[in-house]
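If you read the sequences in order, they're chains A and B.
Note that the first sequence covers residues 1 to 482 in full-length UniProt numbering.
Note that the second sequence covers residues 1 to 482 in full-length UniProt numbering.
Chain copies aren't distinguished; within one or between two, either way the pair holds.
EDC-like mimics (lysine to aspartate or glutamate), calculated; alpha carbons at most 20 Å apart, straight line:
hint, residue 1, residue 2
1, K161, E431
2, K433, D419
3, K433, E420
4, K433, D452
Honestly, the hints are just simulated from the structure, not real lab data.
Fair warning: this is a prediction, and the values are worked out from it, not measured in the lab.
There are 2 protein chains.
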Amino acid sequence: MDAISSTIHHHITAAAAHRPAANMFPKLLALQPLAIHDSHSKPKKSSRSAVESLSHLLHLRMETPEQKLIVQQSNWNLQFDHDEKHNTPAMSPREDVSDKWREIHGSQDWESLLNPLHPWLRREIVKYGEFAQATYDAFDFDSFSEYCGSCRYRENRLFEKLGISKHGYKVSKYIYAMSHMDVPQWLERSRIAETWSKDSNWMGFVASPLFMEKPRLSVGFLSIYTSKCEATRYNKSSASEQVMEEVKRLVEIYKGRGEEVSLTITGHSLGGALALLNAYEAANTIPNLPISVISFGAPRVGNIAFRDELHQIGVKTLRVVLKQDVVPRMPGIVFNESLQKFDDFIGTLEWVYTHVGAELRLDAGSSPYLKRGLNLLGFHMLETYLHVVDGFLSTSSTYRSNARRDVALVNKYCDMLVDELRIPPCWYQRENKGLVCNAHGRWVKPRRDPEDIPSPTRDQEVHVHGIEMRESCERFESLLSV
Amino acid sequence: MDAISSTIHHHITAAAAHRPAANMFPKLLALQPLAIHDSHSKPKKSSRSAVESLSHLLHLRMETPEQKLIVQQSNWNLQFDHDEKHNTPAMSPREDVSDKWREIHGSQDWESLLNPLHPWLRREIVKYGEFAQATYDAFDFDSFSEYCGSCRYRENRLFEKLGISKHGYKVSKYIYAMSHMDVPQWLERSRIAETWSKDSNWMGFVASPLFMEKPRLSVGFLSIYTSKCEATRYNKSSASEQVMEEVKRLVEIYKGRGEEVSLTITGHSLGGALALLNAYEAANTIPNLPISVISFGAPRVGNIAFRDELHQIGVKTLRVVLKQDVVPRMPGIVFNESLQKFDDFIGTLEWVYTHVGAELRLDAGSSPYLKRGLNLLGFHMLETYLHVVDGFLSTSSTYRSNARRDVALVNKYCDMLVDELRIPPCWYQRENKGLVCNAHGRWVKPRRDPEDIPSPTRDQEVHVHGIEMRESCERFESLLSV
Chain A
1 MDAISSTIHH HITAAAAHRP AANMFPKLLA LQPLAIHDSH SKPKKSSRSA VESLSHLLHL
61 RMETPEQKLI VQQSNWNLQF DHDEKHNTPA MSPREDVSDK WREIHGSQDW ESLLNPLHPW
121 LRREIVKYGE FAQATYDAFD FDSFSEYCGS CRYRENRLFE KLGISKHGYK VSKYIYAMSH
181 MDVPQWLERS RIAETWSKDS NWMGFVASPL FMEKPRLSVG FLSIYTSKCE ATRYNKSSAS
241 EQVMEEVKRL VEIYKGRGEE VSLTITGHSL GGALALLNAY EAANTIPNLP ISVISFGAPR
301 VGNIAFRDEL HQIGVKTLRV VLKQDVVPRM PGIVFNESLQ KFDDFIGTLE WVYTHVGAEL
361 RLDAGSSPYL KRGLNLLGFH MLETYLHVVD GFLSTSSTYR SNARRDVALV NKYCDMLVDE
421 LRIPPCWYQR ENKGLVCNAH GRWVKPRRDP EDIPSPTRDQ EVHVHGIEMR ESCERFESLL
481 SV
Chain B
1 MDAISSTIHH HITAAAAHRP AANMFPKLLA LQPLAIHDSH SKPKKSSRSA VESLSHLLHL
61 RMETPEQKLI VQQSNWNLQF DHDEKHNTPA MSPREDVSDK WREIHGSQDW ESLLNPLHPW
121 LRREIVKYGE FAQATYDAFD FDSFSEYCGS CRYRENRLFE KLGISKHGYK VSKYIYAMSH
181 MDVPQWLERS RIAETWSKDS NWMGFVASPL FMEKPRLSVG FLSIYTSKCE ATRYNKSSAS
241 EQVMEEVKRL VEIYKGRGEE VSLTITGHSL GGALALLNAY EAANTIPNLP ISVISFGAPR
301 VGNIAFRDEL HQIGVKTLRV VLKQDVVPRM PGIVFNESLQ KFDDFIGTLE WVYTHVGAEL
361 RLDAGSSPYL KRGLNLLGFH MLETYLHVVD GFLSTSSTYR SNARRDVALV NKYCDMLVDE
421 LRIPPCWYQR ENKGLVCNAH GRWVKPRRDP EDIPSPTRDQ EVHVHGIEMR ESCERFESLL
481 SV
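If we strip away everything but chain A, and leave its shape as in the complex, we get (with noise of 0.2 Å):
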């Protein structure tokens, strides 16, 4: 335990998400080893069939935001007066977590935090679950957008614009990931022909905390890992080497200044996936750095071997994962494997993620907020998993009373919450998509903001800026504090 709380913990923190929501289902599919099943003279029915309806759900329900309501048979009753509530402050007060905060992050793999939830844990899993979200919520998948595939705000107003930065971090770096040969749709393109980038999407960020005690650091990635191609603007590196060089950067910073490091790794769904991926280059590339996964939702990922090698590593892992989402039951990509050669592997196979590491299983059923019957989209959603974690207590516990998060939030993408909320789903939009009415009658869409255009020079400045800052702290802290 570190009892010396002036003691400044840099903890370097990866958000990992793979897509934007309204398109990440068709094309997580397309990575799986389900194409292979396919091919299989004898396919396992039960999973085959499972898989078919989610994809087929997914995709149906993806492009239609269901109108028609499953009929409510429960006998809910509305909780709370809604003035009431909507008058209580969505945050809850926050505690110092400084003294507890290796066990916070997997020290003792979690043992006896998670049943009952350590409030504390609770909060620092909301809080990269936020971040995770967030590549959600900023994503510009505007086909007609010129920025089609970019992060609609720069790095210093991305926290400040989804109402996040109460969690004091601050954006040093995007991580932009490039499309993969063997999966040529899987990126967000748009339909026109001058755009800021043929090759890239936004992945991701690399953040690190502002004015706490014990400040830390966070990265997050949304995509494919490993591509790169010198011809690009944004991926002359892979995400991967993008996310390391920064990570490198930092610790070497805070190891240089004599304060302890920390990385934590978080995603939703694939992107918890390759949080995983993440993690383990770290452990390889940086000795003695404490490494934690906070994954949600994630799809198995790799073989036996990768998790003993994980385990001796170091890696720290917990996986938030719902009763009710089938996307943790289904095999995800298989790491320092092709896709092509994943036919020697199945079947082969034992899957062992949920053998890395703690897994912090949850009930949706456990939230009176949440309509009951089958959604296979909205239990997998990352607001559906912090909404029922912010009301976990243990596995003997009803739905906590005095949980703070806004219940609005998980409908934005999906429609799972009760009709007496009267929260309309998918409520998550842009006025008439960003088109504005001009002087002269016309609906156009503004140009973006110099400031929210990517560029991969700026980012390059931000870099070199923080290169400088090794030789001098003072200026670095100048610098995070703008």
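Starting from the known structure of chain A, fit chain B onto it as the hints suggest.
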């Protein structure tokens, strides 16, 4: 011809559209005789399959805004510089149509005005179309709103909110319709218990022009025409009675002042069919009132007897029909016959709606801005009609190069514009579906501005005002100019 330009023509117009766009088709079809077709032993193959695909496609397209584009084979080149076009006022200069108003409103059955299309008539058609469009754009179809099914704005700000106050009209009365027992799914209903009305939907408006040498009145309606119920708040009188009462009231006022009055009724789709019923009733109720109907994409209505009677009483009808739109080819509702009795008619009737008055037949292929290919919904949308009308010169001409109407409007509820224009499909949407983040960090639906809350009492007050006005033209003038 009216040579005395100081004569004031009070022109009453009924802008009728039947439903908000997002839900109109399944319910429109529910009113068609198609269901009766089904019970026939020998349905007409071609029309049935067309209808089935329409129903199927429309239903799907309604709920699944098309993301994939039909590949453009056209060699269409961008015909204008974007910025230049965006800086061109969307309005053309207005001429004084007073000398020609009788002819423009059908006194000569539009014989010499359609091909080539007289520019003044084009402008009148677009104006009436925009009145009909207003009932779509302002309709509250949020099923979680307690005002679901009402107009989102009160009478005195409807046109301003929709950007059509340029036409110089002022709403004098809103019209409400109630659910027809035979078509229980007709109305838009709120999912929540306490609502502004359980039985009625906003249906349209009566309006009159301001500050013009030749002011006119407008009436608009949306839905079923003749139902009423003493127990309801909004339909103690039927929509039909509400319209007639208001029209009669205004006609009396203007006639009492020695002024000329005329009535034009306009509507889109089923609203166009209902406009004809309204015209029939008005002609039989108010003697010597010149009445014209301008409909857009309306299905066929009525039988030979109805046609003959309309003709005899002097109702002038101009049907605007898009060649690619299948709805005008479909049989519509039958006047004076219950839906159950429809069986008696089918087969013995020659559908003759096209013989009532004149037809302005347009080809969407004339517009270089519209996608080719099959888009049944898109070709039926009122905004598509208005776009094609705006560019129509004659059957032998191409789309006029000096058309001023904003092309972007076409994509409000569909995906009809070529990619080069960069206008997102289905872009007409509210920011976060009306939710706002309050000071406590919670997403809530703000209470509707009390001014915009529907109230049968307030409507009554407006009405009473109107009656008092009969005794004082000056006071009436001041009401109009408020």
